[in-house]
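Participant: The primary structure of each chain is shown beneath.
There are 4 protein chains.
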Amino acid sequence: ELGCFVEDIDNVKPEYVKSFEFDSKLIPLTWIVVRIDGCHFHRFSELHEFVKPNDERALNLMNSCAMSVLEEFPRDIVFAYGVSDEYSFILKKTTDLFQRRASKIVSTIVAFFTSTYVVRWKDFFSQSELKYPPSFDGRAVCYPSIEILRDYLSWRQVDCHINNQYNSCFWKLVASGKRKKEAQQSLKGSQLQKKIDELAIDYNSLPAMFRQGSSVFWEKMDNVLTCQQNGKSSESCGRVIVEHCDIIGSGFWLEHPSILEEKQ
Amino acid sequence: ELGCFVEDIDNVKPEYVKSFEFDSKLIPLTWIVVRIDGCHFHRFSELHEFVKPNDERALNLMNSCAMSVLEEFPRDIVFAYGVSDEYSFILKKTTDLFQRRASKIVSTIVAFFTSTYVVRWKDFFSQSELKYPPSFDGRAVCYPSIEILRDYLSWRQVDCHINNQYNSCFWKLVASGKRKKEAQQSLKGSQLQKKIDELAIDYNSLPAMFRQGSSVFWEKMDNVLTCQQNGKSSESCGRVIVEHCDIIGSGFWLEHPSILEEKQ
Amino acid sequence: ELGCFVEDIDNVKPEYVKSFEFDSKLIPLTWIVVRIDGCHFHRFSELHEFVKPNDERALNLMNSCAMSVLEEFPRDIVFAYGVSDEYSFILKKTTDLFQRRASKIVSTIVAFFTSTYVVRWKDFFSQSELKYPPSFDGRAVCYPSIEILRDYLSWRQVDCHINNQYNSCFWKLVASGKRKKEAQQSLKGSQLQKKIDELAIDYNSLPAMFRQGSSVFWEKMDNVLTCQQNGKSSESCGRVIVEHCDIIGSGFWLEHPSILEEKQ
Amino acid sequence: ELGCFVEDIDNVKPEYVKSFEFDSKLIPLTWIVVRIDGCHFHRFSELHEFVKPNDERALNLMNSCAMSVLEEFPRDIVFAYGVSDEYSFILKKTTDLFQRRASKIVSTIVAFFTSTYVVRWKDFFSQSELKYPPSFDGRAVCYPSIEILRDYLSWRQVDCHINNQYNSCFWKLVASGKRKKEAQQSLKGSQLQKKIDELAIDYNSLPAMFRQGSSVFWEKMDNVLTCQQNGKSSESCGRVIVEHCDIIGSGFWLEHPSILEEKQ
Numbered sequence: 023e024l025g026c027f028v029e030d031i032d033n034v035k036p037e038y039v040k041s042f043e044f045d046s047k048l049i050p051l052t053w054i055v056v057r058i059d060g061c062h063f064h065r066f067s068e069l070h071e072f073v074k075p076n077d078e079r080a081l082n083l084m085n086s087c088a089m090s091v092l093e094e095f096p097r098d099i100v101f102a103y104g105v106s107d108e109y110s111f112i113l114k115k116t117t118d119l120f121q122r123r124a125s126k127i128v129s130t131i132v133a134f135f136t137s138t139y140v141v142r143w144k145d146f147f148s149q150s151e152l153k154y155p156p157s158f159d160g161r162a163v164c165y166p167s168i169e170i171l172r173d174y175l176s177w178r179q180v181d182c183h184i185n186n187q188y189n190s191c192f193w194k195l196v197a198s199g200k201r202k203k204e205a206q207q208s209l210k211g212s213q214l215q216k217k218i219d220e221l222a223i224d225y226n227s228l229p230a231m232f233r234q235g236s237s238v239f240w241e242k243m244d245n246v247l248t249c250q251q252n253g254k255s256s257e258s259c260g261r262v263i264v265e266h267c268d269i270i271g272s273g274f275w276l277e278h279p280s281i282l283e284e285k286q
Numbered sequence: 023e024l025g026c027f028v029e030d031i032d033n034v035k036p037e038y039v040k041s042f043e044f045d046s047k048l049i050p051l052t053w054i055v056v057r058i059d060g061c062h063f064h065r066f067s068e069l070h071e072f073v074k075p076n077d078e079r080a081l082n083l084m085n086s087c088a089m090s091v092l093e094e095f096p097r098d099i100v101f102a103y104g105v106s107d108e109y110s111f112i113l114k115k116t117t118d119l120f121q122r123r124a125s126k127i128v129s130t131i132v133a134f135f136t137s138t139y140v141v142r143w144k145d146f147f148s149q150s151e152l153k154y155p156p157s158f159d160g161r162a163v164c165y166p167s168i169e170i171l172r173d174y175l176s177w178r179q180v181d182c183h184i185n186n187q188y189n190s191c192f193w194k195l196v197a198s199g200k201r202k203k204e205a206q207q208s209l210k211g212s213q214l215q216k217k218i219d220e221l222a223i224d225y226n227s228l229p230a231m232f233r234q235g236s237s238v239f240w241e242k243m244d245n246v247l248t249c250q251q252n253g254k255s256s257e258s259c260g261r262v263i264v265e266h267c268d269i270i271g272s273g274f275w276l277e278h279p280s281i282l283e284e285k286q
Numbered sequence: 023e024l025g026c027f028v029e030d031i032d033n034v035k036p037e038y039v040k041s042f043e044f045d046s047k048l049i050p051l052t053w054i055v056v057r058i059d060g061c062h063f064h065r066f067s068e069l070h071e072f073v074k075p076n077d078e079r080a081l082n083l084m085n086s087c088a089m090s091v092l093e094e095f096p097r098d099i100v101f102a103y104g105v106s107d108e109y110s111f112i113l114k115k116t117t118d119l120f121q122r123r124a125s126k127i128v129s130t131i132v133a134f135f136t137s138t139y140v141v142r143w144k145d146f147f148s149q150s151e152l153k154y155p156p157s158f159d160g161r162a163v164c165y166p167s168i169e170i171l172r173d174y175l176s177w178r179q180v181d182c183h184i185n186n187q188y189n190s191c192f193w194k195l196v197a198s199g200k201r202k203k204e205a206q207q208s209l210k211g212s213q214l215q216k217k218i219d220e221l222a223i224d225y226n227s228l229p230a231m232f233r234q235g236s237s238v239f240w241e242k243m244d245n246v247l248t249c250q251q252n253g254k255s256s257e258s259c260g261r262v263i264v265e266h267c268d269i270i271g272s273g274f275w276l277e278h279p280s281i282l283e284e285k286q
Numbered sequence: 023e024l025g026c027f028v029e030d031i032d033n034v035k036p037e038y039v040k041s042f043e044f045d046s047k048l049i050p051l052t053w054i055v056v057r058i059d060g061c062h063f064h065r066f067s068e069l070h071e072f073v074k075p076n077d078e079r080a081l082n083l084m085n086s087c088a089m090s091v092l093e094e095f096p097r098d099i100v101f102a103y104g105v106s107d108e109y110s111f112i113l114k115k116t117t118d119l120f121q122r123r124a125s126k127i128v129s130t131i132v133a134f135f136t137s138t139y140v141v142r143w144k145d146f147f148s149q150s151e152l153k154y155p156p157s158f159d160g161r162a163v164c165y166p167s168i169e170i171l172r173d174y175l176s177w178r179q180v181d182c183h184i185n186n187q188y189n190s191c192f193w194k195l196v197a198s199g200k201r202k203k204e205a206q207q208s209l210k211g212s213q214l215q216k217k218i219d220e221l222a223i224d225y226n227s228l229p230a231m232f233r234q235g236s237s238v239f240w241e242k243m244d245n246v247l248t249c250q251q252n253g254k255s256s257e258s259c260g261r262v263i264v265e266h267c268d269i270i271g272s273g274f275w276l277e278h279p280s281i282l283e284e285k286q
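Chains as they are written, first to last, in this note's numbering: chain D, 23 to 286; chain V, 23 to 286; chain R, 23 to 286; chain E, 23 to 286.
Every clue listed holds true.
Residues from chain V shown here face chain E by an in silico Cβ test under 8 angstroms; the list is partial: (1) Ser41; (2) Phe42; (3) Phe44; (4) Lys47; (5) Ile49; (6) Pro50.
As a list, the in silico PhoX-like pairs of lysine-lysine whose alpha-carbon atoms are at most 25 angstroms apart: (7) E:Lys35 to R:Lys216; (8) V:Lys126 to D:Lys114; (9) V:Lys126 to D:Lys153; (10) D:Lys40 to R:Lys114; (11) E:Lys40 to V:Lys47; (12) V:Lys126 to D:Lys47; (13) R:Lys144 to E:Lys144; (14) R:Lys35 to D:Lys47.
Chain D residues, not near chain V, derived (Cβ > 10 angstroms throughout): (15) Arg79; (16) Phe192; (17) Lys194; (18) Leu195; (19) Lys200; (20) Ile223; (21) Phe232.
FYI, nobody ran anything at the bench for these hints, they're computed from the structure.
Every residue gets a Cβ at the ideal spot worked out from N, C-alpha and C, and that includes glycine.
Work out the full structure: start from the sequences and follow the hints.
Facilitator: In structure tokens, the structure reads:
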């Protein structure tokens with residue numbers, strides 16, 4: 023019986039089977055953005071009773087996972103921006119991570135993020151059991167210049183802003199007794215800024231994390247001496263931090279010039 | 023301050039930013055194979071003290087996750103084959119899952135598998151805490167015909183066979199007191215079948231899961247009546263099973279004609 | 023001055039510049055169709071006073087070029103189908119022409135066809151000078167099975183049929199004194215078969231080339247002896263021919279089984 | 023008979039057949055280089071008795087075709103560089119020619135160039151009949167910045183320089199009575215600059231076209247008034263010129279700032 027199996031083995035030609043594989047490589051010297059999104063998180067957030075419109079625990083869990091991703095790929099990922107159940111990771115334009123193979127880059131980041139999400143769930147939702155395995159999908163996009171990359175990040179932050187305004191109004195209406203369908207109807211086509219005033223929402227006092235999303239990056243140490251005292255190599259200096267700030271204007275980028283600096 | 027932010031918003035043009043996105047679609051009416059692999063599982067298996075050369079708990083955990091993947095995508099994934107820390111999922115050639123977008127298909131399967139792996143870890147490793155978040159990478163390949171698809175699966179099973187022969191010898195040598203480097207040296211270029219005889223390894227009595235890998239698929243119910251009595255639609259009939267058998271010869275495929283049947 | 027130029031030379035790193043090149047390879051063991059189309063041939067045909075709705079000289083020139091393409095790539099291209107200013111070339115599924123690189127395959131076929139078109143122009147339009155360099159564009163598509171490939175060819179022949187019915191009616195109306203806009207208006211949404219009857223067009227007596235398009239392929243020699251008598255190798259036996267026949271039904275393919283035979 | 027044909031027609035589903043088509047789009051806002059190369063020009067040049075190592079008529083014909091290409095796509099192609107039987111066309115980074123579809127861009131440029139080459143052959147080779155249809159192949163590459171684009175062009179000009187040094191030595195040796203194989207052998211691994219001195223080749227007095235290749239671009243008119251006097255729109259001002267100069271140093275680019283200017 024094994025004899026027959028072994029005979030069959032000799033007929034298998036790996037090279038021909040492997041010839042069907044293809045590597046779509048991301049064009050060199052462009053900024054790579056890997057954006058991941060929660061799969062069916064509408065259902066997931068309801069089942070796990072996320073606070074609406076924003077659940078601090080869920081957002082902090084997302085941020086914690088994103089920080090882990092940066093720590094896992096310290097030479098390649100320079101920035102991440104997250105809002106709701108999505109996160110965008112920016113790989114520096116000179117990265118050669120996995121020889122810039124799209125599948126490998128996307129799948130590894132998505133899997134690592136998801137894995138961390140499950141492992142750390144209990145740290146953020148101590149009262150609530152994970153009811154089924156959550157998952158994320160991802161995609162990679164190349165941007166040829168810093169200007170376009172910043173336009174991408176601005177687009178995501180504008181999305182955050184608009185969605186948060188909408189959701190703040192929507193859930194205020196629901197809290198006031200409106201049914202979801204009515205709330206939706208009443209917001210259709212309306213100017214959100216106006217609605218916020220009408221509904222007496224003190225928008226600016228909402229946490230910055232809700233209004234601005236979360237920016238994750240390596241804190242640049244000023245004092246290199248500290249590092250040397252610790253006996254660590256200068257490379258390990260610094261730590262990953264999360265901030266909630268305007269990344270559309272140039273102020274943030276002028277304050278943190280090292281994040282998108284062109285040099286390796 | 024917000025005023026400035028809001029002004030900036032109006033300058034962001036989503037259409038232009040989105041124009042950089044691209045979808046690489048997998049060619050229609052071809053069989054899609056998504057193969058996932060553990061990332062740095064050499065280190066992971068050492069740290070979590072996997073039994074060598076094969077750890078039943080680890081393999082059963084892999085199988086359990088693969089079964090979950092089939093249950094999650096019952097209309098699209100028709101078969102899976104796993105060995106060691108890798109798994110290949112076969113999507114039927116008529117699938118339109120995610121409009122056949124490669125990134126979406128690969129990232130979703132990889133993330134769902136990884137998530138399930140972490141969630142079920144304690145079911146298989148009750149004594150051993152997960153020391154860090156494991157992850158997997160993945161890729162998609164298209165095969166234009168059943169013959170080539172079966173050549174692919176044969177290639178993976180041959181790989182399983184050869185690796186298992188090698189590892190059985192290697193760890194026997196190590197168990198007998200040889201250092202790893204010596205064991206490696208002594209196997210270099212040698213005929214494995216001969217070595218197995220020399221080392222008195224009773225290869226055929228090893229568990230079939232080690233020798234043949236694991237095949238996961240929907241068990242076809244013979245008796246449709248049972249299903250109707252349960253009041254369930256005929257679609258929900260059947261359950262996912264795992265077997266350890268020769269998938270190189272045609273016997274298996276003749277016994278289970280529905281797995282690769284061309285009809286939708 | 024040259025000194026400076028030579029110094030600059032040493033700073034040029036070809037490997038890095040070449041790293042931006044990418045080869046999109048066409049998936050192995052699928053049928054490749056390269057379809058080429060005349061660029062701005064509406065204008066080209068007016069300027070060179072093509073007879074309407076079909077110009078025999080122009081079609082014969084197209085056919086002659088297609089025959090040349092088959093002769094140029096005798097091991098790779100097995101069939102071609104042409105209508106109006108377009109031609110589809112079928113590469114057999116086992117071809118490894120240019121290692122199946124899409125750009126190379128498409129550009130070479132398009133350039134060779136165009137070049138031949140210009141060179142042979144005077145053979146078909148002896149009275150009419152070429153007023154400017156005509157050109158064609160092209161694209162490649164992969165089809166995973168003979169059935170789908172035949173569906174592709176059927177699609178092109180249906181297109182030929184419908185366009186020819188329409189054009190026959192249109193130019194009959196114009197010939198009868200209608201202005202082009204009127205003719206167009208009167209055909210809008212009408213059933214073409216009915217219109218043909220109304221206008222008393224003897225459609226079936228039109229040349230088969232107009233109604234069925236042109237099929238180009240290698241004529242299979244029945245009598246191998248003839249070849250051997252000529253002292254030629256059996257490979258060089260046969261010649262490229264053009265026929266105007268139904269390629270939608272299976273009759274044609276049954277009569278010429280060697281065209282799409284799966285064996286090399 | 024037609025009845026059966028018409029019945030078949032209704033079974034053809036164009037949407038499904040068209041679903042196999044794919045468009046590989048070139049990433050937006052990057053510089054596109056389309057490089058074309060003569061197919062089998064070694065043989066072509068021998069058969070048509072090109073002067074060695076450089077045939078002025080052949081190079082002038084190439085340049086004439088390249089100029090035509092720029093005139094055909096005045097809003098899209100801003101520069102071209104040619105040497106021997108190859109030409110590189112630079113499309114400005116904001117171009118939306120054919121929606122940046124790679125196949126369409128490459129095939130159209132290659133076909134137009136080839137067509138022009140055949141049409142103008144007799145203008146440059148009045149004594150010599152074209153013995154068979156010449157053809158070219160082509161490919162597209164994207165470069166994300168001006169710096170990298172200039173590195174690409176430098177690479178091509180360095181290639182021109184090295185090949186021309188080699189060929190000058192080779193043909194001098196052949197002229198002096200060496201057989202081709204001997205000449206080849208004697209140049210193997212030798213320093214070309216040294217060999218040039220040894221062979222007393224007055225390299226710097228060779229025509230600049232041989233040493234530097236050919237650069238093709240739009241001449242910028244200084245005096246817009248001239249144009250208006252001609253009654254032409256300002257857009258049509260200017261004409262395509264060819265120069266033979268150093269494009270590796272920055273001198274050329276500083277003199278012609280409009281060629282690679284980033285603005286539309």
